[in-house]
Every structure is written in structure tokens, then in C-alpha cells.
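Sequences and hints are given; from them, build the entire structure.
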Amino acid sequence: MNETKKAKRQRAVLSCNDCRRRKLKCDRELPCNRCNKGGTSGSCAYESEGYALVSENPEERLTKRQRQISTQQTNPVTEGCRLSHLDIPKLSKPPEFMISDITAEDRVKQLERQVNSLEQQLVAQKRSVEKKTSGIAGFYSENEVNPPTCLRGSLKGRQYGTFFYGPTSPISIMAHFPDLRVFMKSVYHNSTAQRLAQDMKHFENRSLMLRPSYRASSFPNLRSLLPDRSTANQLVRRYLDTFETTYRIVHIPSFETAYQSYWDSDRQDDADMDALVLAILACTICTSTHNNPRYNHQGSTFHSKAIFWIKACEAWLKRQSSKHKTLGSLQVRCLRLLALSATSHKAKDYYQEIQAHMAIMKSIGMHRDPVHFGSRCSAFESEMRRRLWATSMELELQASLDKASMLSSLEHDCLSPRNINDADLHVDSEELPPSWPIDVFTESSFLFHSTQTIGLRTKLCALANSLQASLSFQEAVRYTELVQKCMKDTPNWTDARSLQVRTLLNLQLQQFLVILHAPKAVEVDTGMGSEYRYSVIALLEAATIVIGLHTDLLASSNLALCCTRNDYYRAALLVCHIAYYTGKNDDTLLAQVAKVTFDSCISKALNLQEERVLHVGRGIGAAVGLVSLQFDPSQSDALKTQAIDRVSRLLYKMLSLQEEPSEQSLTSEVNMSSASTQGSTIIGTLTEPLLAETFTNAGLHLDAFGLGNNSEWMLDDLWFLNDASTLDFDGLTHSF
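Under numbering that gives the first Met the number 0, the residues of the sequence shown are numbered 0 to 735, in order.
Derived from the structure by calculation, the hints contain no laboratory data.
Here a beta-carbon is modelled for each residue, glycine too, at the ideal position from N, C-alpha and C.
Just to be clear, a hint being listed does not mean it is correct.
[Said to hold, decoys possible] Straight line, CA to CA, 30 Å or less: simulated DSS-like cross-link-like pairs of lysine-lysine:
no., residue 1, residue 2
1, Lys-22, Lys-36
2, Lys-458, Lys-184
3, Lys-361, Lys-458
4, Lys-322, Lys-310
5, Lys-484, Lys-322
6, Lys-361, Lys-402
7, Lys-487, Lys-317
8, Lys-487, Lys-402
9, Lys-36, Lys-184
10, Lys-594, Lys-484
11, Lys-361, Lys-322
12, Lys-310, Lys-155
13, Lys-583, Lys-603
14, Lys-36, Lys-24
15, Lys-402, Lys-639
16, Lys-603, Lys-639
17, Lys-487, Lys-347
18, Lys-184, Lys-155
19, Lys-317, Lys-361
20, Lys-345, Lys-322
21, Lys-594, Lys-639
22, Lys-583, Lys-594
23, Lys-347, Lys-361
24, Lys-487, Lys-594
25, Lys-155, Lys-458
26, Lys-345, Lys-324
27, Lys-310, Lys-361
28, Lys-487, Lys-458
29, Lys-347, Lys-317
30, Lys-361, Lys-324
31, Lys-310, Lys-324
32, Lys-155, Lys-22
33, Lys-402, Lys-484
34, Lys-484, Lys-184
35, Lys-583, Lys-347
36, Lys-345, Lys-402
37, Lys-345, Lys-458
[Claimed, not checked] Here are the computed distance ranges between Cβ atoms for each label pair:
no., residue 1, residue 2, range
38, Asp-263, Asp-494, 30 to 36 Å
39, Lys-345, His-411, 25 to 31 Å
40, Glu-540, Arg-112, 49 to 55 Å
Listed below in C-alpha cells is the structure:
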């Protein structure tokens, strides 16, 4: 019987060719350890096929093996790194004596494998480098000649006296507008505004000489600081018609009842009501039109009085128990923050004040829903807790717009306030009434709808201020669609009381459309591609809407949002930036759109700024003059004169209404005393030093926009130049 030989498969060939031939143990590296020790690492190679047929022709097997033998090339990976032949393809070429056996097709396939291997290794190395340099140092270097064009924020100051302005801050935008600084310096020199500013500085210095190094005012109770009842009634009504329609802090029916009896009774021991009323007055005195202000070294007399009342409320809060908190003390804390925002007092410290307030709210569990307290919280107390927490979140998010909000990392489960009127909520209610439908306007509609988008707005705030990553164009478009959907879902109420509610709900979403497209819109050196054009048009549209919303609210004599927000300032500054640089490019269509937008909304923005700080020209006014100069170079001298004259008129108006400083405006600190004399003010001189607030640091400057004191280098003293040498962006200020 003929036995047919069957083809048998060999075991997998895992050792290198030399070790297999010598029948030695191989560690299966490339090159292996034995070839390294023997000095033959260059000839260490492996069979590409792990199995071979026994019946294979010996000549064919020899030819195939010769084709697979190769010499080692320089490894692209770090020298000394030994890789397994099982992990990477061979990057070697055959010896010269075997080239004739290699066909063109084999050579092409070998080259394709080499290219593919190199590409994979380059991608891996790139990812490793990006991971190691993902910190702040990876984005900005002091030795970098041309820093990145995308917005990364600005640092001002030196040593430990530095301040950070995030990517969404108008100060950071100014770093991409260098021509504005040159324009402002050239216009201001030897101008009428310069002479008027010097006169104002002399008045300020003379006023500061009237007080000692430190002055404290003591009073027996807060009621002694209240104005007459008629003025207080007007300011309280202004608060209820403006701020309280959005930020819910008081329960209106119970407050009105207590307020009426407060004036009718002769009680002098209602400290909670004293502080509550005084805090409300501090919120609204700068937004009220009940009287025309005059001016002193601090700014307007309304501003000085509001600061004095805020200090009095702070003195009262210091005397309150940190363990046994009351509803009144929490309400005063929220009102104090609102007053700081409305008066622009402690503008540089406002972010810190907000964070301290949120720490207090979290420490007492306001971020947890009252349902967890069971019977320890009544229905009325539960709803008031939800309102105060929602109000605090809104204040914190707006204050953190250029530094990222703590809410992005804070876990909270407190539900949104119900969409109900205060008349439906009673102090002795056992159960909360059900919410009205979303399209029904109530006194709590703002917080009810605002909390629906707080998550999206917090996320956008974190992404816009991230130092380690920037939004791509596709992500910006996707978030734009989400924001637009939220705006579309906002009901269009017809109730007359809903004007501020509708305005604020739209503003807090529209401002993120401006922020989302600002990084791409300021990249003037990247060319006029489709992404740039889309971002510019989207930003111009959103900026126009933001300024228009503020203007419509201002037309109703409502200054609440104008005095507490700076979104219209950011929008106007970006419009000026876009209009200026698009006018220099060949894209005539985009330049025409920017010119039309500039003409339609900048004058409105200037009016808003005048109403807020009664002092225009520090920032926007100069930017407007610069853009007008770009559009019509033939009118250069006339436009420069127009820009400086508008500032001069307001300075002259303020100088003509100056009055001697009052005792309250000269007060450094307010204390509560146990003196029995009521209605008197005791002035004392202490030995503690005082850092005097100059005129440019109080009320009528860019601090009113929450931008901090910028007199060292940018907008404030560009119209009031004390030292032109401090204006260099490469000196005290770094933008990245």
C-alpha cells in the first residue's frame, strides 16, 4: 500500500532566524538578547509567517526566507528602546545580494508598511507630547514672540499684586485692539479733556486733605440712617418694580405689611427690618430717577450715600450670629451683593465677595433641596430657601463670567422655585401651591425659567474660560444652536410687568452667543475664511440684540440692568474691533455689514454708558472715534475732535455740579455703637491707615463695568494720562 505523505504544519516560528538555526533560546525581542551579545544584532530577523508547509519546495522556502531577512535600520523611537517583533512591523531593507529576488510589487508593499508604521508612531509621539504640555505653560511662554491669537485672558500687575482677567473679559479683548491705545494717547494730549481732568484731580486732592488718615462713623441703630419716609417709599417701590421682578429675595405681601407697620410704629428694636430696608435703598438709589445727582470726590452723591449704607449693613451683619442665621440676615446678604453690583463699589473684590457668599450658602445647606429636612422646614421656608439659592446662583454665574463659575464643580440638588405668585404663598401654608404653566407669567417666572438653563450656561462659562482647551468652530456652532433653542422656548409674555424678566432671560443667553464667537472673530491674522465670516456675522447679530435689549429697557426709565451688567460694553467693544479690522480687508461685503451694525448700535451703547457712569469716553468712546476714523480717513481731525469733545462735555458738567464732601463720603468705616443717643453721628479719628479711593477709583470709571482699576495701563488713564510709560502691554500686562 502506497503511503501518501501528508503535508504537516510546523510549530509557530517565534525565535529569530539565528537562534532557530543554532537551536538556542530566544527572548523574541528585536534585536534579541543573544544577537546583541554576539555582535550580530544587525542580522537579527524573524520569519514573517509563523507556519510553513513541510512539502514546500526547499528552493522556494529558501527564496522566501531570503526575502524576509533584513538588516535593522535606525529606530525612530528613542535610542535604546527595544521593541518586540510581535508589536511593530519590520522597518528594514533586504541586503544588496537579495535585491534581485524582490519584485516591484513586493517593494511597494514593503514601503506601504513602512509609511503606515511611521505615521502610527508619529501620532503616538504627538499625543504623548500634548499630554505632557497640557498645562498653562503649554499654552503661553514668556519667550514666545507671537503669543496665540485666541483669547486666554490677561494678567495685570507684578509680583504678588497681580490681577487676572479671563478670556471673556473686555480687558482681554482690548489686548487684541492695540491701535486703540495709540489713538487715545494722540487724541488726549493737550486736549480740553486733559485740562478738565487736571482740575478734577485738584478738587479730589483738596477733598482728601479734609479728612485724617482714618475716620469712623458710629451710630446707635440703622434706622437713624434712613432718609425721610417719602424718599424711602420711592426707592422701595423702585426696587419692587425692578430688581424683585427677577431676583426673588423678599416675600412681597409679608414685606409690604411689615414695611407699613414699620413706619407707623415707634419701635426702635426691629433690627432685621432696619437692615432690610437700608439694603434695599442701597440697591436702588443709583438706579432711581427721583432726583438729579451732584458730585463730590467719590463720584455722584447717590453713589456716596449708597456706599455709606452698604458699610452700615456690613457692620450689622458682623454683629449677627454665624450659628443662628435668620431669613432677614440671608436676605440682607443677597441685597448687599446686589447693591455692590449696582453701585460698582469694590468692583475688583466683587468676585471674591460672591464666592464668600456662596461658601456661606453652601455651609448652611442651601444647595440641598429642603425636602431633605422633612418637617424641620415649613412649606414657606422651603420655597424661600429655593428662591434665595436660585438668586445666589444667578449672581454668582454673572460675576464669574470671565473667571469660570464654581457651579460647574458644585453638586447641588435644590429644585427650582415654583412658578407661582407671592399671593399664593403664605407664611402658614402647609403645602405649596402647584406651579402655573410655563406660559403664564408670575412673580417668580424669571427664576423658574432661568434655572432651566443654568446648567447650559454654567457649562458654556467653563468652556469659554478654560486654559487647557478651546472650543472648536463645530462645537461653537452646536452650542449656538442649543442657546437659540433655549431662547425660542422662552415665552413672550404680554404682561407689562414682564419687560425686565423677558429682557434678562434673553440677555443672559445672548451674551453667550457673543462669547462663543468672540475668539474666532478677533483672529484677524488667520484670513477671511468661511468660519471667520460665520463667527463675525453671528457675533454682530448677537451684539446688536444685546445693545437693543438694554436700550428698550432704558427707554422705560429702568436702569436696573444697565447698572448691574457689562454685556453691552463687551458687545460694543467687539463691534468696534470687527468694524475696524474688516474695513482694512478686501472683503467688502463683510465690511459693509460691520459698518451698518456699527452705525446702528454704537450710539446706543454710548448712551447706555452715559446713563450708568455719567462719564463717557473711557474705552468705548475712543473705540468709536477710531472706527469712524477708519471708515472716513478724510475726516480724521474732525472725528478726533468729536471723540474728545464728548468726554469734555461730561467732565465739564460734573465739575459744574461739584459740592463739598459730606461727613458720610469721608467715612472710612461704619460701626454700630451702644450709645443711647439716637439719630446722632459720632465721628472719631483712629490710627489705622486708610487706602483712599481716588476719583478714578470710585463710581465713574471702568470699575462700573466690573473691570477693576485699570489706571495703570489701559482705559481709565488713557483719557487721564498720569504716566504714559505704563501703557505698554508687554510690561505689566500679559495677554495669552
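Taking the hints in turn, this is what the structure says about them:
A distance of roughly 16 Å separates the Cα atoms of Lys-22 and Lys-36; the hinted pair therefore holds under the 30 Å criterion. For a cut-off of 30 Å, the pair hint linking Lys-458 to Lys-184 is broken: about 39 Å separates their Cα positions. Distance restraint check for Lys-361 and Lys-458: the Cα-Cα separation of roughly 20 Å lies within the 30 Å cut-off, and the hinted pair is therefore satisfied. A distance of roughly 22 Å separates the Cα atoms of Lys-322 and Lys-310; the hinted pair therefore holds under the 30 Å criterion.
At most 30 Å may separate the alpha-carbon atoms for a hinted pair to count; Lys-484 and Lys-322 exceed this at roughly 44 Å. Our distance criterion of 30 Å between C-alpha atoms is met by Lys-361 and Lys-402, whose separation comes to about 20 Å. Pair hint Lys-487 plus Lys-317 does not hold up; C-alpha atoms about 45 Å apart against a cutoff of 30 Å. As the CA atoms of Lys-487 and Lys-402 are separated by approximately 28 Å, the hinted pair is consistent with the 30 Å bound.
The straight-line distance between the Cα atoms of Lys-36 and Lys-184 is roughly 75 Å, outside the 30 Å bound, and the hint therefore fails. Restraint check for Lys-594 and Lys-484: the C-alpha separation of about 29 Å stays at or below 30 Å, so the hint holds. Proposed proximity of Lys-361 and Lys-322 is supported: the alpha carbons are some 14 Å apart, at most 30 Å. For the hint pairing Lys-310 with Lys-155, the CA-to-CA distance comes to about 28 Å; that is within 30 Å, so the pair holds.
A hinted pair counts as satisfied when its Cα atoms are at most 30 Å apart, and Lys-583 with Lys-603 qualifies at roughly 25 Å. Pair hint Lys-36 plus Lys-24 holds up; C-alpha atoms about 13 Å apart against a cutoff of 30 Å. Pair hint Lys-402 plus Lys-639 does not hold up; C-alpha atoms about 35 Å apart against a cutoff of 30 Å. For the hint pairing Lys-603 with Lys-639, the CA-to-CA distance comes to about 20 Å; that is within 30 Å, so the pair holds.
Distance check on the hinted pair: Lys-487 and Lys-347 sit about 35 Å apart at the alpha-carbon level, beyond 30 Å; violated. As the CA atoms of Lys-184 and Lys-155 are separated by approximately 20 Å, the hinted pair is consistent with the 30 Å bound. Restraint check: the Cα-Cα separation between Lys-317 and Lys-361 comes to about 19 Å, which is no more than 30 Å; the hinted pair holds. For the proposed pair Lys-345 and Lys-322, the alpha carbon gap of about 27 Å is at most 30 Å, so the pair holds.
For a cut-off of 30 Å, the pair hint linking Lys-594 to Lys-639 stands: about 18 Å separates their Cα positions. Between Lys-583 and Lys-594 the alpha-carbon distance is near 12 Å, which keeps this suggested pair within the 30 Å criterion. Note on Lys-347 and Lys-361: the hinted pairing holds, with a Cα-Cα distance of about 23 Å set against a maximum of 30 Å. At roughly 28 Å between alpha-carbon atoms, Lys-487 and Lys-594 fall within 30 Å of each other, so this suggested pair holds.
Between Lys-155 and Lys-458, the direct Cα distance comes to roughly 27 Å. Compliance with the 30 Å bound is thereby established for this hinted pair. Note on Lys-345 and Lys-324: the hinted pairing holds, with a Cα-Cα distance of about 25 Å set against a maximum of 30 Å. At most 30 Å may separate the alpha-carbon atoms for a hinted pair to count; Lys-310 and Lys-361 meet this at roughly 24 Å. At roughly 19 Å between alpha-carbon atoms, Lys-487 and Lys-458 fall within 30 Å of each other, so this suggested pair holds.
Restraint check for Lys-347 and Lys-317: the C-alpha separation of about 22 Å stays at or below 30 Å, so the hint holds. Restraint check for Lys-361 and Lys-324: the C-alpha separation of about 13 Å stays at or below 30 Å, so the hint holds. For the hint linking Lys-310 to Lys-324, the alpha-carbon distance of about 20 Å falls within 30 Å, and the restraint holds. For the suggested pair Lys-155 and Lys-22, the alpha carbons sit about 72 Å apart, so the restraint of at most 30 Å is broken.
Of the pairs offered as hints, the one joining Lys-402 and Lys-484 holds, with about 26 Å between alpha carbons and a cut-off of 30 Å not exceeded. Of the pairs offered as hints, the one joining Lys-484 and Lys-184 is violated, with about 44 Å between alpha carbons and a cut-off of 30 Å exceeded. A distance of roughly 36 Å separates the Cα atoms of Lys-583 and Lys-347; the hinted pair therefore is violated under the 30 Å criterion. This hinted pair checks out: Lys-345 and Lys-402 have alpha carbons roughly 17 Å apart, not beyond 30 Å.
With a C-alpha separation of about 27 Å, the suggested pair Lys-345 and Lys-458 falls inside the 30 Å cut-off, and the hint holds. The hinted window of 30 to 36 Å between Asp-263 and Asp-494 holds, with their beta carbons roughly 32 Å apart. Remark: the range hint 25 to 31 Å for Lys-345 to His-411 is upheld by a beta-carbon distance near 27 Å. Distance hint check: the CB atoms of Glu-540 and Arg-112 are about 52 Å apart, consistent with the given range 49 to 55 Å.
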